[in-house]
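**Student:** Protein chains in written order, with this note's numbering: chain C, 1 to 429; chain U, 430 to 589.
Hints in this document: simulated from the structure, not taken from any laboratory. C-beta: ideal position from N, C-alpha, C; glycine also. Check before you lean on any hint, since a few could be wrong.
Non-contacting residues of chain U with respect to chain C, defined by C-beta distances greater than 10 Å in every case (computed) [to be verified]: (1) Met430; (2) Glu433; (3) Arg499; (4) Asp510; (5) Pro534; (6) Glu539; (7) Ile575; (8) Ala582; (9) Arg584.
These stretches of chain U come out as covered by chain C in the derived footprint (C-beta under 8 Å, 3 or more residues) [said to hold, decoys possible]: (10) 442-452; (11) 462-473; (12) 485-492; (13) 521-530.
Next come the chains, spelled out residue by residue.
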Amino acid sequence: MSPRVEPVLTKNIVAGGGPTWLEAYEGNGGYQALRKALREIGPAGLIKLMADSGLRGRGGAGFPTGFKWSAVPPVGETARPRYFACNLDEMEPGAFKDRYLVEHDPHQLIEGMLIASYACQADVGYIFVRGEYQRVIEILRRALGEAEERGYIGRNVLGTGWDFDLHVHVSAGRYMCGEETGLLSSLEGKPANPRSKPPYPQTSGAWGKPTVVQNTETLCCVPHIVERGAEWFRSIGKAKDAGMKIYGATGKVARPGCWELPMGTTMRELIEEHAGGMREGHEFRAALPGGASTRFLDKNEYDVPLEYESLKEIGALFGTGTAIVLDDKTCPVALCRNLAMFYARESCGWCTPCREGLPWLEALLRDIEEGRGQPGDVELLLDQCKFIGPNTYCALALGAVQPLVSGIEKFREDFEGHVRSKRCAYKDI
Amino acid sequence: MLSEQEREEVERELEHVPTRQAGCIGALRVVQKRRGYVSDEALKDLATALDMTPAELDGVATFYNLIFRRPVGEHVILVCDSISCFLTGGEAVMEHLQRKLGIRPGQTTEDDLFTLLPTVCLGHCEQSPVMMLDGEIIGNLTEEKINEALAEAVRRSRGE
Numbered sequence: 001m002s003p004r005v006e007p008v009l010t011k012n013i014v015a016g017g018g019p020t021w022l023e024a025y026e027g028n029g030g031y032q033a034l035r036k037a038l039r040e041i042g043p044a045g046l047i048k049l050m051a052d053s054g055l056r057g058r059g060g061a062g063f064p065t066g067f068k069w070s071a072v073p074p075v076g077e078t079a080r081p082r083y084f085a086c087n088l089d090e091m092e093p094g095a096f097k098d099r100y101l102v103e104h105d106p107h108q109l110i111e112g113m114l115i116a117s118y119a120c121q122a123d124v125g126y127i128f129v130r131g132e133y134q135r136v137i138e139i140l141r142r143a144l145g146e147a148e149e150r151g152y153i154g155r156n157v158l159g160t161g162w163d164f165d166l167h168v169h170v171s172a173g174r175y176m177c178g179e180e181t182g183l184l185s186s187l188e189g190k191p192a193n194p195r196s197k198p199p200y201p202q203t204s205g206a207w208g209k210p211t212v213v214q215n216t217e218t219l220c221c222v223p224h225i226v227e228r229g230a231e232w233f234r235s236i237g238k239a240k241d242a243g244m245k246i247y248g249a250t251g252k253v254a255r256p257g258c259w260e261l262p263m264g265t266t267m268r269e270l271i272e273e274h275a276g277g278m279r280e281g282h283e284f285r286a287a288l289p290g291g292a293s294t295r296f297l298d299k300n301e302y303d304v305p306l307e308y309e310s311l312k313e314i315g316a317l318f319g320t321g322t323a324i325v326l327d328d329k330t331c332p333v334a335l336c337r338n339l340a341m342f343y344a345r346e347s348c349g350w351c352t353p354c355r356e357g358l359p360w361l362e363a364l365l366r367d368i369e370e371g372r373g374q375p376g377d378v379e380l381l382l383d384q385c386k387f388i389g390p391n392t393y394c395a396l397a398l399g400a401v402q403p404l405v406s407g408i409e410k411f412r413e414d415f416e417g418h419v420r421s422k423r424c425a426y427k428d429i
Numbered sequence: 430m431l432s433e434q435e436r437e438e439v440e441r442e443l444e445h446v447p448t449r450q451a452g453c454i455g456a457l458r459v460v461q462k463r464r465g466y467v468s469d470e471a472l473k474d475l476a477t478a479l480d481m482t483p484a485e486l487d488g489v490a491t492f493y494n495l496i497f498r499r500p501v502g503e504h505v506i507l508v509c510d511s512i513s514c515f516l517t518g519g520e521a522v523m524e525h526l527q528r529k530l531g532i533r534p535g536q537t538t539e540d541d542l543f544t545l546l547p548t549v550c551l552g553h554c555e556q557s558p559v560m561m562l563d564g565e566i567i568g569n570l571t572e573e574k575i576n577e578a579l580a581e582a583v584r585r586s587r588g589e
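Take these sequences, add in the hints, and give me the full structure.
**Tutor:** Below is the structure:
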């Protein structure tokens, strides 16, 4: 067994327990980082601190946080208000880590959001929550009320002269809302269509004003970095990337769930120790390491550190860190068809390759799965992926082709077998 | 016509946003909460209240899958058909619900009690397979658990 690491993001989470409210949060050191950030460090110092810490976005893309914040133009050079949006529109299939964090410890997110907003000198913040997270919404509203009453939100926060309003925005479905610029469109009361970049949201975001959009788990890391320093945060990672991470595992594993582990934990440790191995009668075949929009890793990659850098080196993606496990009894073609259905349905329709191409991929995969595949269909799938992936405004289509291309790479014989025998051999299992 | 109470609630949705349009998703939800869905008439009234054209507002209403533009049953069931649920028996859950309710996905039972809809990942994958009934997540689904949830919903409708 690996040595237990000290819980940081989950230190206020008791298994089976309810949310940690303000009193308990403050009793465990909460909101001290906010005081330190506002009174001692200041905006420029905070941006430098994040850059030094090596914190990267936990939403999937892994964009360096310090760099993201530093791209906001100085106050005085921009229109007001300036916005900060927290992305809690967690809709990546297989991901539930952000919900887990906020459901149990809402003030950790609020404190992180306040520090980040102060660093970017934002005037108004929105926590953009997917409509299905009803419980999270109720918890956040109550926690925001507590924080406002204590003077952490509103006029003249902690006597520093900084005014900041923070609201919950309840969304109404659609994966596209979690895409950075789609989220901005949605916030403005429009369909969640993406926008071309540049201009980047930091200069022209919500309502054309400077806006930073940041993932929930990333913001939850911020107070701890302020409290304990960049050096400490860097020291937690086991391999190249910094900090702790909420990893998860779902599918036919013995104990599906999520766990706080050092960045760089391997698939072997994740599956065998934390998820308790596979369910009785099932073998691990491969896994998508971080939600649907990543590439399959199999036993050959069992010991590669799961983090942005190490996975990039082998041509893979880290994504959200919540792994989806494929077992030996599940048909990989059916799995790829299920993923293609998701992407085809959730395409916002803005870009033609995505709107038209993804339903076609789904139909082709369904044909292969159900025994109507033709010789050459597998090549056709790969060809289409080349055209669809890179030719769109946002990364939805690019995400859609990752599991498919790598699935065909790893399980080509399964795909060809369906076409040859005109049936799915997994139906006999 | 929007009721007085609906108007008040819509205005409350607009308090924290810089444009009236920005509050439109919340406003659609206000109407849907009371009426179950957003009718053509309600859409037009709401568009006027939000300084939007009906076409603009309809573009938004039909984009978001949690806004219903057609009547739904008293209880709405959203069944996750994304990957983690697919791997753990999500298709069997949908088949059982179809058999039990005698409807296909997208349909409403004749007594207007249940509407059955497929949905994307509900973000509770550690409890897969998962469905959402009247906004409440029900996970680790088995046939018995589904039957119990349906019976419970029927009891709620009868005011028991």
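**Student:** Could you tell me which of the numbered hints above are not met by this structure, giving the numbers in increasing order?
**Tutor:** Those not satisfied are hints 4, 11 and 13.
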